[in-house]
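2 protein chains.
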Amino acid sequence: MNIILIDQAEIKNNRVTLRDRRSGHIRNILKSACGDTLIIGLINGPRGTGTIVNISGETVELETCLQDSFPNRPPTDLLLALPRPIMLKRIFSQAATFGVRRIFLINTARVEKSFFSASLLEEKSYRPLLLQGLEQAVDTMVPEVHIFKRFRPFVEDVLPTIFTDCPVRLVAHPGHFPFLPQSITLPLTERTVVAVGPEGGWVDFEIDKFRTAGFRIFTMGTRILRVDSVVPALLAQLSLLRQINRESAV
Amino acid sequence: MNIILIDQAEIKNNRVTLRDRRSGHIRNILKSACGDTLIIGLINGPRGTGTIVNISGETVELETCLQDSFPNRPPTDLLLALPRPIMLKRIFSQAATFGVRRIFLINTARVEKSFFSASLLEEKSYRPLLLQGLEQAVDTMVPEVHIFKRFRPFVEDVLPTIFTDCPVRLVAHPGHFPFLPQSITLPLTERTVVAVGPEGGWVDFEIDKFRTAGFRIFTMGTRILRVDSVVPALLAQLSLLRQINRESAV
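Chains as they are written, first to last, in my numbering: chain A, 1 to 250; chain B, 1 to 250.
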């Protein structure tokens with residue numbers, strides 16, 4: 001927990017009283033004392049500092065100062081064939097740690113339909129995982145999560161409209177396709193959406209639909225990765241492609 | 001398990017009898033039958049195919065054909081301040097999945113000394129994790145693991161000699177340092193070693209020693225990542241930098 005995230009509704013007169021794991025973290029891990037100043041952030045708002053004004057039993061009271069600017073929303077959207085819950089759990093917090101603006105979880109031919117009844121798809125289940133990812137990364141901007149249970153309506157009605165502000169659209173697919181650096185213009189500066197298929201991959205019909213929606217198909221190489229490795233790998237790679245500048249490129 | 005890994009000692013007259021989780025995987029997950037052909041690989045040797053000649057109770061017997069060439073050893077070495085065991089466990093299999101040649105686990109000022117007594121540092125504990133990573137990635141080349149309990153002898157006696165065949169030497173460190181693409185010559189083609197510090201980072205003395213040994217310091221950005229996220233992120237980024245060619249770079 002590298003930042004203490006606070007909900008707007010918790011703050012009254014620039015004070016917040018923490019009683020949950022945030023309080024435990026401050027008392028038992030940071031071993032902070034009255035007068036200490038901590039990095040805090042308003043969920044979906046600015047970062048700032050919190051000064052401890054009272055520690056009593058299991059509660060910690062902070063005086064908040066939230067005058068920093070809002071963090072930028074990350075420039076990357078993630079579109080995933082719904083993975084099995086055990087993978088998705090890791091992916092929620094990884095995605096928030098590496099930074100994504102929106103997460104789209106969709107159905108595809110090879111998604112096991114039972115995954116859509118997982119309790120993890122309820123906001124009250126996944127939101128704490130997103131917050132944990134943000135706490136790690138010192139970010140406050142919670143990724144939006146959108147869930148689509150039917151592929152065809154998603155791909156025909158939603159896909160053409162939802163990524164109009166993402167000029168770079170990519171879909172990962174095994175096979176003889178260009179690598180990621182050959183699929184974009186370097187340096188990467190624009191908003192990007194990257195789509196990752198299910199175990200067993202996309203079917204041809206799905207790939208055609210992505211192509212029609214302006215997605216470029218790329219391959220990550222010959223090593224087979226689990227989806228909970230693909231997501232951090234791709235987010236780290238896209239982040240790296242944004243770090244390349246004209247001077248560093250040959 | 002995308003490849004069935006077999007030890008040389010298990011093969012007699014081009015036949016191998018499997019009784020462990022590999023047999024379970026073939027029978028229960030792949031649901032293979034006699035006559036089916038599977039992707040197999042000799043540990044630290046070539047890949048090939050195995051034809052099922054007998055399934056009886058919990059055993060599966062394969063006829064082996066190992067005529068493929070040896071996979072190349074990955075061009076990347078990983079040097080890690082020894083992480084806590086729960087992280088290291090994930091890192092062993094991730095490193096093997098993403099592909100590393102050698103893993104160096106070293107002591108530093110901020111490594112908790114008790115981590116060196118973890119049973120995970122015994123080969124019989126970590127080898128199965130490395131093999132699981134290879135089984136995922138369809139590779140056969142087991143990363144070498146080297147453990148150094150004292151920093152100064154490592155850095156003064158070992159470091160200057162051990163990376164002579166790694167022209168690209170990098171150390172990740174938070175702060176005002178260049179990003180990875182500005183720290184190397186693109187496209188990346190040479191053998192590379194990348195060093196990752198402990199929770200809390202390297203101390204100045206350690207950074208100086210790395211500099212003396214020809215390491216360049218780079219930063220991954222402002223988001224704080226756990227070491228079990230840093231490792232897949234860096235390995236994926238280095239792999240991407242090898243995919244960049246002159247045509248794709250600006």
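Please note: incorrect hints may appear among the correct ones.
Simulated crosslink set (BS3-like; lysine-lysine; CA at most 25 Å straight-line) [to be verified]: (1) K89(A) to K113(A); (2) K31(B) to K31(A); (3) K89(A) to K89(B); (4) K124(A) to K113(A); (5) K124(B) to K113(B); (6) K209(A) to K124(A); (7) K149(A) to K124(A); (8) K113(A) to K31(B); (9) K124(B) to K149(B).
Simulated restraints, written as ranges between beta carbons of each label pair [to be verified]: (10) E122(A) to P178(B): 37 to 45 Å; (11) V53(B) to R127(A): 46 to 54 Å; (12) Q8(B) to R19(A): 55 to 63 Å; (13) S114(B) to G200(A): 50 to 58 Å.
Worth flagging that the hints you see were computed from the coordinates, not collected in a lab.
Nothing here was measured: the structure is a model prediction, and the numbers come from that model.
Ideal Cβ placement from N, Cα and C applies to all residues, glycine included.
Evaluated hints:
1. K89(A) to K113(A): holds, 17 Å
2. K31(B) to K31(A): Violated - the C-alpha atoms of K31(A) and K31(B) are around 54 Å apart, more than 25 Å.
3. K89(A) to K89(B): holds, 19 Å
4. K124(A) to K113(A): With a Cα-Cα distance of about 21 Å, the restraint between K124(A) and K113(A) holds, given a limit of 25 Å.
5. K124(B) to K113(B): holds, 21 Å
6. K209(A) to K124(A): violated, 32 Å
7. K149(A) to K124(A): Holds, at roughly 19 Å.
8. K113(A) to K31(B): It holds: about 21 Å lies between the C-alpha atoms, which stays within 25 Å.
9. K124(B) to K149(B): Within the cut-off at roughly 19 Å; holds.
10. E122(A) to P178(B): 37 to 45 Å: holds, 43 Å
11. V53(B) to R127(A): 46 to 54 Å: holds, 53 Å
12. Q8(B) to R19(A): 55 to 63 Å: The hint (55 to 63 Å, Cβ to Cβ) holds, given that Q8(B) and R19(A) are roughly 60 Å apart.
13. S114(B) to G200(A): 50 to 58 Å: Roughly 43 Å apart at Cβ, these two residues miss the hinted range, so it is violated.
Hint compliance for this structure: hints 2, 6 and 13 are broken, all remaining hints hold.
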